[in-house]
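Taken in sequence, the protein lines are chains A and B.
Take the first sequence: its position 59, counted from the start at 1, is 59 in full-length UniProt numbering, and no numbers get skipped.
Take the second sequence: its position 54, counted from the start at 1, is 54 in full-length UniProt numbering, and no numbers get skipped.
Hints may contain errors.
Said to hold, decoys possible - Each computed DMTMM-like pair below joins lysine to aspartate or glutamate, with the alpha-carbon atoms no more than 20 Å apart:
id	chain 1	residue 1	chain 2	residue 2
1	B	Lys17	B	Glu92
2	B	Lys67	A	Glu23
3	B	Lys67	A	Glu27
4	B	Lys51	B	Glu92
5	B	Lys67	A	Glu26
6	B	Lys68	A	Glu27
7	B	Lys114	B	Glu48
8	B	Lys12	B	Glu80
9	B	Lys67	A	Glu42
10	A	Lys37	B	Glu25
Stated by the list, open to error - Chain B stretches covered by chain A per the calculated footprint, using a threshold of three residues with CB under 8 Å from any CB of chain A:
id	segment
11	38-51
12	63-69
13	123-129
No lab work stands behind these hints, which were simulated from the structure alone.
Ideal placement from N, C-alpha and C gives every residue a C-beta, glycine not left out.
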Amino acid sequence: MGKHGKSGTPLKINPRRSRGNSECMEELNAFFTCMAKSIDVEDKCVAERRALTNCATAAARKGKTANTINYHLQRISRMLRR
Amino acid sequence: KFTNLLMIDGKKIKASKILFNIIKEIQSNFTLLRVISKALENLVPNLEVRKVRVAGSTYIVPAVLSKKKQETLALKWIIESAKKRQKNSKLEFSVCLADEMLEASRKSGQARQKRDELHRLAQMNRAYSRYRW
Numbered sequence: 001m002g003k004h005g006k007s008g009t010p011l012k013i014n015p016r017r018s019r020g021n022s023e024c025m026e027e028l029n030a031f032f033t034c035m036a037k038s039i040d041v042e043d044k045c046v047a048e049r050r051a052l053t054n055c056a057t058a059a060a061r062k063g064k065t066a067n068t069i070n071y072h073l074q075r076i077s078r079m080l081r082r
Numbered sequence: 001k002f003t004n005l006l007m008i009d010g011k012k013i014k015a016s017k018i019l020f021n022i023i024k025e026i027q028s029n030f031t032l033l034r035v036i037s038k039a040l041e042n043l044v045p046n047l048e049v050r051k052v053r054v055a056g057s058t059y060i061v062p063a064v065l066s067k068k069k070q071e072t073l074a075l076k077w078i079i080e081s082a083k084k085r086q087k088n089s090k091l092e093f094s095v096c097l098a099d100e101m102l103e104a105s106r107k108s109g110q111a112r113q114k115r116d117e118l119h120r121l122a123q124m125n126r127a128y129s130r131y132r133w
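Sequences are here, hints too, so could you generate the full structure?
Okay, here's the thing in structure tokens:
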């Protein structure tokens, strides 16, 4: 899994791949429910579409948070060497 | 955005000319902004589907799209459908594009079918939405 540091080699691991994001699930389910009731989504599901689009746009703007585990591992290895 | 999507090999002037021809074509009989806004409204997909490999099996997972991606997809579909139309007929590309836009504003046409197909696929696979990446 990880590389154990010899002298000079910093500690590093490959961070676990995050299993998806659960944002906008409520809006998605509401849209699916509306879509199941009527085929014409433009007229009948306007509010659900708009909520879904707004949620997705906000999530895209927020972006993904970077995993900082390697930063902390290297910091700890520097402390240990001291 | 539409000009850039029409552009091939960096030939922006040619793409702009095509766009101007489309505008002329639509404006001759209809209100331009109304047609374009209606066409986009009828074509933008709210969802997309992607293949996700989990535990050895591949699932088709629906996910939401941001506004930018929705518009890009809708415009790409219009261009693809117009190219198919041009193959079967001897009309100019700008005329085919204008016809596609008009059909999209009336909720018909190949681009609209693509969108309905995508929504149907997402609806069928809604159970897998928890596998979102």
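Each hint tested on the structure:
Proximity of Lys17 of chain B to Glu92 of chain B is assessed by CA-CA distance (about 12 Å); at most 20 Å being required, the pair is judged to hold. The suggested pairing of Lys67 of chain B with Glu23 of chain A holds, with an alpha-carbon distance near 16 Å, which does not exceed 20 Å. The suggested pairing of Lys67 of chain B with Glu27 of chain A holds, with an alpha-carbon distance near 15 Å, which does not exceed 20 Å. Distance hint between Lys51 of chain B and Glu92 of chain B is unfulfilled; the C-alpha atoms sit about 37 Å from each other, more than 20 Å.
Taking the CA atoms of Lys67 of chain B and Glu26 of chain A, the gap is near 18 Å; set against the 20 Å cutoff, the hint holds. A threshold of 20 Å between alpha carbons decides the hint, and for Lys68 of chain B with Glu27 of chain A the separation of about 18 Å falls inside it, so the pair holds. Restraint check for Lys114 of chain B and Glu48 of chain B: satisfied, since their Cα atoms lie roughly 11 Å apart, inside the 20 Å limit. With a CA separation close to 18 Å, the supplied pair Lys12 of chain B and Glu80 of chain B stays within the 20 Å bound.
The hinted pair formed by Lys67 of chain B and Glu42 of chain A meets the criterion: a straight-line CA distance of about 16 Å does not exceed 20 Å. A C-alpha spacing of about 38 Å is found between Lys37 of chain A and Glu25 of chain B, which places the hinted pair above 20 Å, so the restraint is violated. Only residues whose beta carbon comes within less than 8 Å of a beta carbon in chain A count, and the segment 38-51 of chain B has 4; three or more means the coverage holds. For the segment 63-69 of chain B, the stated coverage by chain A holds: 5 residues have a C-beta nearer than 8 Å to a C-beta of that chain, and at least 3 were required.
Remark: the segment 123-129 of chain B is confirmed as covered by chain A, as 3 of its residues place a Cβ nearer than 8 Å to a Cβ of that chain, reaching the required three.
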